[in-house]
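Student: Sequence:
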Amino acid sequence: MSNSKVLGLGDQVVDQYVNLNVMYPGGNALNFAAFAKKLGYDAAFMGVFGDDANAAHVQRSIDALGIDRSHCQIKHGENGCAKVNIVDGDRVFIGSNEGGIAGIEPVEADADDLAYISGFSLIHMGIWGNADHLLPEISTMGIPISYDFSDEFETSTIDAALQYVQYGFFSLSGMPVNQVKVLLRSLYREPNKLLVATRGSQSTVVYDGESFHELEPHVVEAVDTMAAGDSFLTAFLLAHVLEGKDVEESLVAGQQFAAQAVQLDGSFGFGTPID
1 MSNSKVLGLG
11 DQVVDQYVNL
21 NVMYPGGNAL
31 NFAAFAKKLG
41 YDAAFMGVFG
51 DDANAAHVQR
61 SIDALGIDRS
71 HCQIKHGENG
81 CAKVNIVDGD
91 RVFIGSNEGG
101 IAGIEPVEAD
111 ADDLAYISGF
121 SLIHMGIWGN
131 ADHLLPEIST
141 MGIPISYDFS
151 DEFETSTIDA
161 ALQYVQYGFF
171 SLSGMPVNQV
181 KVLLRSLYRE
191 PNKLLVATRG
201 SQSTVVYDGE
211 SFHELEPHVV
221 EAVDTMAAGD
231 SFLTAFLLAH
241 VLEGKDVEES
251 LVAGQQFAAQ
261 AVQLDGSFGF
271 GTPID
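Residue numbers (the UniProt record's numbering): 1 to 275.
Everything labelled a hint here was simulated from the structure, so no lab data went into it. Please read all numbers here as calculations on a predicted model, not as lab measurements. From the three backbone atoms N, C-alpha and C, an ideal C-beta is built for every residue, glycine too. Mixed in with the good hints there might be a few duds.
Pair ranges (Cβ atoms, derived) [to be verified]:
{"no.": "1", "residue 1": "Lys-245", "residue 2": "Ala-56", "range": "18 to 26 Å"}
{"no.": "2", "residue 1": "Ala-64", "residue 2": "Val-219", "range": "47 to 55 Å"}
{"no.": "3", "residue 1": "Asn-19", "residue 2": "Ala-56", "range": "21 to 29 Å"}
{"no.": "4", "residue 1": "Met-141", "residue 2": "Phe-212", "range": "27 to 35 Å"}
{"no.": "5", "residue 1": "Asn-19", "residue 2": "Gly-209", "range": "20 to 28 Å"}
{"no.": "6", "residue 1": "Asp-265", "residue 2": "Gly-244", "range": "44 to 52 Å"}
Below, a list of computed lysine to aspartate or glutamate pairs in the EDC-like style, where the Cα atoms sit at most 20 Å apart [unchecked claim]:
{"no.": "7", "residue 1": "Lys-5", "residue 2": "Asp-151"}
{"no.": "8", "residue 1": "Lys-83", "residue 2": "Asp-132"}
{"no.": "9", "residue 1": "Lys-5", "residue 2": "Glu-78"}
{"no.": "10", "residue 1": "Lys-75", "residue 2": "Glu-98"}
{"no.": "11", "residue 1": "Lys-193", "residue 2": "Glu-243"}
{"no.": "12", "residue 1": "Lys-181", "residue 2": "Glu-137"}
{"no.": "13", "residue 1": "Lys-75", "residue 2": "Asp-90"}
{"no.": "14", "residue 1": "Lys-75", "residue 2": "Asp-110"}
{"no.": "15", "residue 1": "Lys-181", "residue 2": "Glu-154"}
{"no.": "16", "residue 1": "Lys-181", "residue 2": "Asp-151"}
{"no.": "17", "residue 1": "Lys-75", "residue 2": "Asp-63"}
{"no.": "18", "residue 1": "Lys-181", "residue 2": "Glu-248"}
{"no.": "19", "residue 1": "Lys-38", "residue 2": "Asp-68"}
{"no.": "20", "residue 1": "Lys-181", "residue 2": "Asp-208"}
{"no.": "21", "residue 1": "Lys-38", "residue 2": "Asp-52"}
{"no.": "22", "residue 1": "Lys-75", "residue 2": "Asp-42"}
{"no.": "23", "residue 1": "Lys-181", "residue 2": "Glu-152"}
{"no.": "24", "residue 1": "Lys-75", "residue 2": "Glu-108"}
{"no.": "25", "residue 1": "Lys-83", "residue 2": "Glu-249"}
{"no.": "26", "residue 1": "Lys-38", "residue 2": "Asp-63"}
{"no.": "27", "residue 1": "Lys-5", "residue 2": "Asp-51"}
{"no.": "28", "residue 1": "Lys-181", "residue 2": "Glu-221"}
{"no.": "29", "residue 1": "Lys-38", "residue 2": "Glu-78"}
{"no.": "30", "residue 1": "Lys-193", "residue 2": "Glu-214"}
{"no.": "31", "residue 1": "Lys-245", "residue 2": "Asp-265"}
{"no.": "32", "residue 1": "Lys-193", "residue 2": "Glu-221"}
{"no.": "33", "residue 1": "Lys-38", "residue 2": "Asp-275"}
{"no.": "34", "residue 1": "Lys-193", "residue 2": "Glu-249"}
{"no.": "35", "residue 1": "Lys-5", "residue 2": "Asp-52"}
{"no.": "36", "residue 1": "Lys-5", "residue 2": "Asp-42"}
{"no.": "37", "residue 1": "Lys-5", "residue 2": "Glu-154"}
{"no.": "38", "residue 1": "Lys-83", "residue 2": "Glu-214"}
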């Protein structure tokens with residue numbers, strides 16, 4: 001474990017809980033780095049920050065966790081921001097600024113950045129990361145790449161990324177298991193190793209190109225479900241890809257860690273009043 005470094009490449013935001021007047025750092029790629037750090041891994045985040053107070057709060061939180069952000073870029077404009085209400089522990093999405101400046105001026109990678117990226121053991125990206133343009137080059141480095149497609153199913157969106165990644169995650173809440181299996185089988189392609197469908201409070205389904213694996217849910221009382229999916233995928237990936245555990249063991253590791261994560265406010269804490 002000590003030699004394994006992991007990178008969250010793409011998005012960071014502040015999640016503003018409007019009805020509680022508090023905001024927390026978040027974003028799929030940053031959550032991955034934060035959860036990996038909590039699980040004992042050397043973790044880094046690479047992405048674009050704005051130059052406002054929201055960005056400064058996220059940066060302070062990253063530094064407090066000991067996550068490397070040495071290759072992040074700060075650009076003039078709003079930091080990514082999502083607005084939600086929390087109702088009975090569940091998030092109700094209000095809206096966002098589409099990544100702020102990171103959605104307008106996405107993360108760039110020069111030769112020095114690419115050399116830095118090549119030193120990691122696992123890279124996680126996602127649909128909101130505005131970093132798909134880096135996939136063709138990064139995919140040639142021989143490093144496992146995971147990608148969170150969330151619930152986006154436009155063919156162009158999937159085709160832009162799935163052909164470059166080993167591990168794909170999809171959010172398929174409410175879809176019956178038989179339909180999930182048909183979908184995962186139809187999506188699977190080179191160089192995929194595992195496609196994973198999380199289904200909210202229902203079972204998680206994994207396809208390995210030949211057979212399916214399924215984990216029944218373990219229902220826990222949640223304080224905040226904001227990062228239930230991100231915490232699950234992080235622990236699952238670390239167990240399977242870096243620790244060599246089989247799919248079943250790794251699914252349990254993901255489930256157990258997610259059960260802990262939903263006991264914390266925000267994705268990984270660090271709340272502060274909304275200015």
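Student: For every hint, state whether the structure bears it out.
Tutor: So, going through the hints one by one against the coordinates:
no.: 1; hint: Lys-245 / Ala-56: 18 to 26 Å; in the structure: violated (38 Å)
no.: 2; hint: Ala-64 / Val-219: 47 to 55 Å; in the structure: violated (32 Å)
no.: 3; hint: Asn-19 / Ala-56: 21 to 29 Å; in the structure: holds (24 Å)
no.: 4; hint: Met-141 / Phe-212: 27 to 35 Å; in the structure: holds (30 Å)
no.: 5; hint: Asn-19 / Gly-209: 20 to 28 Å; in the structure: violated (44 Å)
no.: 6; hint: Asp-265 / Gly-244: 44 to 52 Å; in the structure: violated (34 Å)
no.: 7; hint: Lys-5 / Asp-151; in the structure: violated (28 Å)
no.: 8; hint: Lys-83 / Asp-132; in the structure: violated (24 Å)
no.: 9; hint: Lys-5 / Glu-78; in the structure: violated (30 Å)
no.: 10; hint: Lys-75 / Glu-98; in the structure: holds (15 Å)
no.: 11; hint: Lys-193 / Glu-243; in the structure: holds (16 Å)
no.: 12; hint: Lys-181 / Glu-137; in the structure: violated (31 Å)
no.: 13; hint: Lys-75 / Asp-90; in the structure: violated (33 Å)
no.: 14; hint: Lys-75 / Asp-110; in the structure: holds (16 Å)
no.: 15; hint: Lys-181 / Glu-154; in the structure: holds (18 Å)
no.: 16; hint: Lys-181 / Asp-151; in the structure: holds (15 Å)
no.: 17; hint: Lys-75 / Asp-63; in the structure: holds (19 Å)
no.: 18; hint: Lys-181 / Glu-248; in the structure: holds (17 Å)
no.: 19; hint: Lys-38 / Asp-68; in the structure: holds (14 Å)
no.: 20; hint: Lys-181 / Asp-208; in the structure: holds (11 Å)
no.: 21; hint: Lys-38 / Asp-52; in the structure: violated (27 Å)
no.: 22; hint: Lys-75 / Asp-42; in the structure: violated (26 Å)
no.: 23; hint: Lys-181 / Glu-152; in the structure: holds (17 Å)
no.: 24; hint: Lys-75 / Glu-108; in the structure: holds (11 Å)
no.: 25; hint: Lys-83 / Glu-249; in the structure: violated (35 Å)
no.: 26; hint: Lys-38 / Asp-63; in the structure: holds (13 Å)
no.: 27; hint: Lys-5 / Asp-51; in the structure: violated (28 Å)
no.: 28; hint: Lys-181 / Glu-221; in the structure: violated (29 Å)
no.: 29; hint: Lys-38 / Glu-78; in the structure: violated (28 Å)
no.: 30; hint: Lys-193 / Glu-214; in the structure: holds (16 Å)
no.: 31; hint: Lys-245 / Asp-265; in the structure: violated (30 Å)
no.: 32; hint: Lys-193 / Glu-221; in the structure: violated (33 Å)
no.: 33; hint: Lys-38 / Asp-275; in the structure: violated (28 Å)
no.: 34; hint: Lys-193 / Glu-249; in the structure: holds (16 Å)
no.: 35; hint: Lys-5 / Asp-52; in the structure: violated (29 Å)
no.: 36; hint: Lys-5 / Asp-42; in the structure: holds (5 Å)
no.: 37; hint: Lys-5 / Glu-154; in the structure: violated (32 Å)
no.: 38; hint: Lys-83 / Glu-214; in the structure: violated (33 Å)
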